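Q: Chain W: place on chain E using the hints.
2 protein chains.
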Amino acid sequence: MSYSSLPSSIPWYDPTPVENTVEHLSESLQATGEEPQKTEAPTIAERDNLLKRESGITSSSPMRLRMEALIKEHQKKIVAELEKLDGNKFKVDTWDRPNGGGGITCVLQEGDIFEKAGVNTSVVYGTLPRAAIARMRANHKALDPDVDSLEFFAAGLSLVLHPHNPMAPTVHLNYRYFETANSDGTSNAWWYGGGCDLTPCYLFDEDAIHFHKTIKEACDKHDKTYYPRFKKWCDNYFSNKHRGETRGIGGIFFDDLDEAEKDREQLFAFVGDGLETFLPSYMPIIQRRKDMQYGEQEKQWQQLRRGRYVEFNLVHDRGTSFGLNTPGSRVESILMSLPLTARWQYMHEPAKGSKEDRLLSVLKAPVDWI
Amino acid sequence: MSYSSLPSSIPWYDPTPVENTVEHLSESLQATGEEPQKTEAPTIAERDNLLKRESGITSSSPMRLRMEALIKEHQKKIVAELEKLDGNKFKVDTWDRPNGGGGITCVLQEGDIFEKAGVNTSVVYGTLPRAAIARMRANHKALDPDVDSLEFFAAGLSLVLHPHNPMAPTVHLNYRYFETANSDGTSNAWWYGGGCDLTPCYLFDEDAIHFHKTIKEACDKHDKTYYPRFKKWCDNYFSNKHRGETRGIGGIFFDDLDEAEKDREQLFAFVGDGLETFLPSYMPIIQRRKDMQYGEQEKQWQQLRRGRYVEFNLVHDRGTSFGLNTPGSRVESILMSLPLTARWQYMHEPAKGSKEDRLLSVLKAPVDWI
Chain E
1 MSYSSLPSSI PWYDPTPVEN TVEHLSESLQ ATGEEPQKTE APTIAERDNL LKRESGITSS
61 SPMRLRMEAL IKEHQKKIVA ELEKLDGNKF KVDTWDRPNG GGGITCVLQE GDIFEKAGVN
121 TSVVYGTLPR AAIARMRANH KALDPDVDSL EFFAAGLSLV LHPHNPMAPT VHLNYRYFET
181 ANSDGTSNAW WYGGGCDLTP CYLFDEDAIH FHKTIKEACD KHDKTYYPRF KKWCDNYFSN
241 KHRGETRGIG GIFFDDLDEA EKDREQLFAF VGDGLETFLP SYMPIIQRRK DMQYGEQEKQ
301 WQQLRRGRYV EFNLVHDRGT SFGLNTPGSR VESILMSLPL TARWQYMHEP AKGSKEDRLL
361 SVLKAPVDWI
Chain W
1 MSYSSLPSSI PWYDPTPVEN TVEHLSESLQ ATGEEPQKTE APTIAERDNL LKRESGITSS
61 SPMRLRMEAL IKEHQKKIVA ELEKLDGNKF KVDTWDRPNG GGGITCVLQE GDIFEKAGVN
121 TSVVYGTLPR AAIARMRANH KALDPDVDSL EFFAAGLSLV LHPHNPMAPT VHLNYRYFET
181 ANSDGTSNAW WYGGGCDLTP CYLFDEDAIH FHKTIKEACD KHDKTYYPRF KKWCDNYFSN
241 KHRGETRGIG GIFFDDLDEA EKDREQLFAF VGDGLETFLP SYMPIIQRRK DMQYGEQEKQ
301 WQQLRRGRYV EFNLVHDRGT SFGLNTPGSR VESILMSLPL TARWQYMHEP AKGSKEDRLL
361 SVLKAPVDWI
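Chains E and W, in that order, are what the protein sequence lines are. Here our numbering is used: the first residue of the first sequence is 1, the next is one more, and so on. Here our numbering is used: the first residue of the second sequence is 1, the next is one more, and so on.
FYI, nobody ran anything at the bench for these hints, they're computed from the structure. Worth double-checking, as some hints may not be accurate.
Copies of the same chain are indistinguishable here, so a pair counts whether it falls within one copy or spans any two.
Claimed, not checked - Straight-line alpha carbon distances no greater than 35 Å define the calculated DSBU-like cross-link-like pairs of lysine-lysine that follow:
#1 76 - 91
#2 299 - 241
#3 352 - 89
#4 364 - 52
#5 91 - 352
#6 89 - 364
#7 52 - 213
#8 76 - 352
#9 84 - 52
#10 91 - 290
#11 299 - 91
#12 52 - 241
#13 352 - 141
#14 299 - 84
#15 213 - 232
#16 299 - 89
#17 89 - 213
Small disclaimer: the values here were computed from a predicted structure and weren't measured.
The shape of chain E in the complex, shown without the other chains (with noise of 0.2 Å):
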């Protein structure tokens, strides 16, 4: 099929299940330029916008004012961070939907600690057709399915960082909340997905029981089950299938959470502490690996595991071949996840008993940390 061949719309009726597809759903619409359906009534995005100019955002604006609040906050606290850590200032580029939204895309490239770090935010107002509206339903029974269309409103907070050092591991976050709206602006449907992952090419166990740990007792003020369920989830879908292998050692993840799991003001509470966590969670590890020893063996190493990452997110990832196949999207942002550089041997195999040969053990049989 020719580029000119696909369809101009955009793909919501992709057969794929809807699981993480919204993780770059704000990068790909960026460009789409779709208009949402004219009516008398105005749209959603510019009843926010002037809620916004009116009354800035407090605790009884609409979920979707506090959700774009929120993870701006938490993008700036933690690039701040990083850039303390590295001595080095992300790269900022800051884009507007023509509709309403848009997003910020932070990186930095070849800093002194990190090979590649992106931390990304982006908003989308846009509509959703019949026939996204029919699907969507399987998992969010609230969803209108007597409309034609529906506004819709995602944003999410994204972030991989891959540092130099074969000895400290890479991470990923992402966490974003999804709704449709009333003809009075009003929220129909809702959910929120998201979760974090550690992805280390050497294995101290220290960290991963810290990584788990940090992470679970964030899970376990809201619920007592999330932090079992959501690290079961992220072992399985952080999967490279075809190897047999998962990704890394797992966190959590979780998608469509709505009124079916908890109110939404116990999602958002949830959601909230999982960015807060980021931090407490990997800076103390990357700490005490950033300056660690190592030689060309272990950067070698590196390099084959971060093929692995590419392969997993090139061919998984269903959110990323989502974005990618949705004409006009932003490539950049969707691809910042990748690392810098990767590498493919073929059959490589590390000495059995080596550093690199546990690794695989416990990609190959997830373990439980803590």
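A: Using the frame of chain E, we list chain W on its own:
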């Protein structure tokens, strides 16, 4: 979806078009161990083995055996020429399939000329379930719709060469034959697919013209419409749609060529000429580029282009994704096509009017080279 919940049968009912999925078919099926249906009559694998033992392979042998002989002969010849050029030997892995067929994977890694080179043949005997037959009938009316399963045969040669020198282009070739068998061992439906395409990092018009001209001459001997049709098919297929760029400067690509196109002997002769044309189309180019001077900047640009090669193969190539999603596939044979090293740099843009920029403009709007 977890690894263990993948279907244990082969996903023949994959919803993507069949086009190009046969490229990695044989590698993917290596370890699945699916059994041909046990019937009174001998399987085609058993018949073919007997025939080979009794009378060797001649021009009156079944096409299956002639195709197998053809690809192995060309593999041997191409590997020998590449070893002479590089000065290093390929690593040769031979594998058998329990119920007939097998493969020869030849890989040369970190040679003097080639960073990574793979020349693979594979032969598969297996059984197509009813659903797969129904799907394939869309392209091949000869397929009997009234059977529960059909024995099939697939054989092909795949080749990818990534040279060290950024001035020397990557080249890819694949030719394959597919048939289904009636219960008496005679051919039911059959078709050919394949092609050959060039991916330079720096564009030398004389190389592009030589490559296309050599291939066009081979095509013209068989049908004057082949080159223009298959050149266009190649540009359309090998396209990083998400970037609006072709992978390289093309060549030819075709699939599903059956009796609706030409008779089988004529197509076999065409594919034989395609294989024969490989060395004269590529060797003069690698000869004149392999020792050209280059610096750090050229090497970095090559690494970025390698990244695009990875993007195409992992995101868009239907054969690769079909292979990787087939449980038990020989992943290392499928991914030998990936470069040894690759790079992703956020928002890289070559200077206007530079050599790098000129390549991009050709990839964005494919050129008629002859």
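Q: When the structure is checked against the list of hints, which entries are broken? Sort them ascending.
A: 4, 7, 12 and 13
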